[in-house]
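Please build the complex by placing chain B with the ligands on the supplied structure of chain A, with the hints as guidance.
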Amino acid sequence: MSVAGDTSQTIVVAGGSLAGHTVVAELDRRGFTGDVVWVRGPEGTAPYSRPALSKELIQGKVTRDTIRLPVPERYGLRLRVLDHAVCARLDPDADRVLVTRTAGAGEEWIPFDALFVCTGMRARVPAAFTGLPGVHCLRTLADAERIKERLAGRPRTVVVGAGLIGSEMAASLRSCGLPVELVVQGRLPMEPVFGAELGRFCLDRHHAHGVTTRLGATVTGLSAAGPRGPVTLTYDDGERTSADLVVLGLGAVTSCDWLDGGGLDLSDGLGCDAALRTARPNVFAAGDVANWWHPVFGRRMRVEHWSNASAQARHAVESWSAAQEGREPAPFADVPYFWSDQYGLKYQMVGHAHGHDEVRVERTGADGHPFVTYFRAGRVVAAAGVNAPRAVMRMKARIQSEGMTTQGVYAG
Amino acid sequence: MKITVDRNLCDGNGVCMGIAPDVFDIDDDLTLHIADEIPDDPEVHAQVRQSVTSCPVLALTLVE
Ligand SMILES: Cc1cc2nc3c(=O)[nH]c(=O)nc-3n(C[C@H](O)[C@H](O)[C@H](O)COP(=O)(O)OP(=O)(O)OC[C@H]3O[C@@H](n4cnc5c(N)ncnc54)[C@H](O)[C@@H]3O)c2cc1C
Ligand code: SF4
Chain A
1 MSVAGDTSQT IVVAGGSLAG HTVVAELDRR GFTGDVVWVR GPEGTAPYSR
51 PALSKELIQG KVTRDTIRLP VPERYGLRLR VLDHAVCARL DPDADRVLVT
101 RTAGAGEEWI PFDALFVCTG MRARVPAAFT GLPGVHCLRT LADAERIKER
151 LAGRPRTVVV GAGLIGSEMA ASLRSCGLPV ELVVQGRLPM EPVFGAELGR
201 FCLDRHHAHG VTTRLGATVT GLSAAGPRGP VTLTYDDGER TSADLVVLGL
251 GAVTSCDWLD GGGLDLSDGL GCDAALRTAR PNVFAAGDVA NWWHPVFGRR
301 MRVEHWSNAS AQARHAVESW SAAQEGREPA PFADVPYFWS DQYGLKYQMV
351 GHAHGHDEVR VERTGADGHP FVTYFRAGRV VAAAGVNAPR AVMRMKARIQ
401 SEGMTTQGVY AG
Chain B
1 MKITVDRNLC DGNGVCMGIA PDVFDIDDDL TLHIADEIPD DPEVHAQVRQ
51 SVTSCPVLAL TLVE
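Listed in order, the protein sequences are those of chains A and B.
First residue of the first sequence? That's 1 in UniProt numbering, and the numbers climb one at a time after it.
First residue of the second sequence? That's 1 in UniProt numbering, and the numbers climb one at a time after it.
Looking at chain B on its own, in the form it has when it is part of the complex:
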């Protein structure tokens, strides 16, 4: 599982981080950081999928 973010779209609101804190992190200058390795845990994968569909500006894409 791999995630890409469109930096032109991402506005750093942190919704993804709220859902999958092990994968997404956000600075207070609103820059998104994505973990290099996504833990091989079904629960985390489910969180990541939910993050992708919950991103309010649709900046995340999942490459399974």
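Pulled out of the complex, with its shape left as it was, chain A reads as follows:
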């Protein structure tokens, strides 16, 4: 580990969630002696565990106080924390960012020696579905608390979208004993992530727990009867139903529009090289926003999962530190990993299944849950299981080591 920087340097960290939090913690661990300005975004909350929102928080097992990440007060850094503040612009001609307040007024240009972009994502909500009472997306603590507040009235709920968050929300609401309908745009829940086998398994679990599902359906219209009145949903086949609460799980979009005009690659998130460096040598990216070249899979990717954000944040700091010392930084080569909790079962996946040409399904554990291995050109590229952490983590190590010894084999 190298102690980095000097007292005259300023580092700006944009984003107040896991990636930004980890960059700050890593600068602290390395004993950075300059100034750190941490622009935490519009949420106005200390960093917290986002994954807990759709799981423990909705089910009332934790509160906003127990899901906080360790607080910055313990840092030894010269740290300035800006809440209710966003980075609004990157000067194309100078190393400075415009920071504006989202509560109250005011803006200032902050010059930097290095900038870490950790601005992540926000929920994707079609314009026509915005601002309707009884219709909520789920990305932030405020979103989750708004939904939670509605649950006391025991609403009939429709969850629109059956990706990770939609599927998890349906399970959590059902576990609270609420009537839930899940609208699946494709054939099976979570199929785009997990494939058909685990998608089918997930669908069966929903049915076994009493969730009704609407498969292959798209919601084309939403309208609300009033602040507490029911919401009417219109589907692509013309059918209409009503619900007391609608939760939208339609995915997320990257928050990097503020970098527009700053001379960076914004074609899908913020484009970086293998070491998380952007086209500007002192601007780095980490977390959901970062689109980087993965040396194991031989392709560009962006990973929207928790562990990736903290690992990339540490790596981005290492890449910055390497630049300070004139070293060449290593590529960020972690194999992606995520989990999802539904009805007391833990789904886990490692690797990158994109472009796989073969799957192998086994049964694991006493309950015979499916364990799926994904291959590309005869090599393992991903694996997923239910309540099988040992097998999943073994595969993670295997993909990592095989990929690193045969770089490029997975490419294409």
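Relax, there's no trap hidden among the hints.
Here's a subset of chain B near chain A, in silico, CB distances under 7 Å, partners left out: (1) Asn13; (2) Gly14; (3) Gly18; (4) Ile26; (5) Asp28; (6) Pro56.
Cβ pair distances, simulated, as ranges: (7) A:Pro92 <-> B:Gln50: 34 to 42 Å; (8) B:Thr61 <-> A:Thr33: 25 to 33 Å; (9) B:Thr4 <-> A:Gln9: 30 to 38 Å; (10) A:Arg101 <-> B:Thr31: 42 to 50 Å; (11) B:Asp22 <-> A:Glu239: 51 to 59 Å; (12) A:Thr100 <-> B:Glu43: 44 to 52 Å; (13) B:Thr4 <-> A:Arg299: 37 to 45 Å; (14) B:Asp6 <-> A:Gly44: 24 to 32 Å; (15) A:Thr100 <-> B:Met1: 41 to 49 Å; (16) A:Asp334 <-> B:Pro42: 18 to 26 Å; (17) B:Pro42 <-> A:Gly104: 46 to 54 Å; (18) B:Arg7 <-> A:Thr212: 30 to 38 Å.
Quick caveat, the hints were computed from the structure, so don't treat them as lab data.
A quick note: this is a predicted structure, and the numbers were derived from the prediction, not measured.
All residues carry an ideal CB built from backbone N, CA and C; glycine is no exception.
What follows is chain B with the ligands alone, placed relative to chain A:
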């Protein structure tokens, strides 16, 4: 080096085991086991430190 786990937080996802397999093990009923003795090997110590910071629910604490 000693590690403690908050059992109320640990959800048995096994991320720590993936990083430091000589120290952490996990059952398929999602219970975490930590080795009594941590090998006196700098590489293992580095793995343990990485596990502590990588635990997605921040259940691990390091007592150096
Ligand atoms: C409900 C839910 C459940 C999830 N469950 C899981 C799970 O089970 N497993 C898993 O692996 N992953 C899960 N995820 C994904 C995981 O939470 C993300 O991968 C992770 O939060 C990414 O962290 P990040 O710091 O990169 O970005 P984000 O968490 O998106 O944070 C971005 C931060 O930047 C701030 N910001 C935005 N714009 C600006 C700006 N212009 N200037 C300054 N700040 C700005 C935002 O306010 C926010 O603080 C879940 C996500 C959600 C929403
Ligand atoms: S990484 Fe954390 S939550 Fe996961 S098994 Fe280890 S201690 Fe438990």
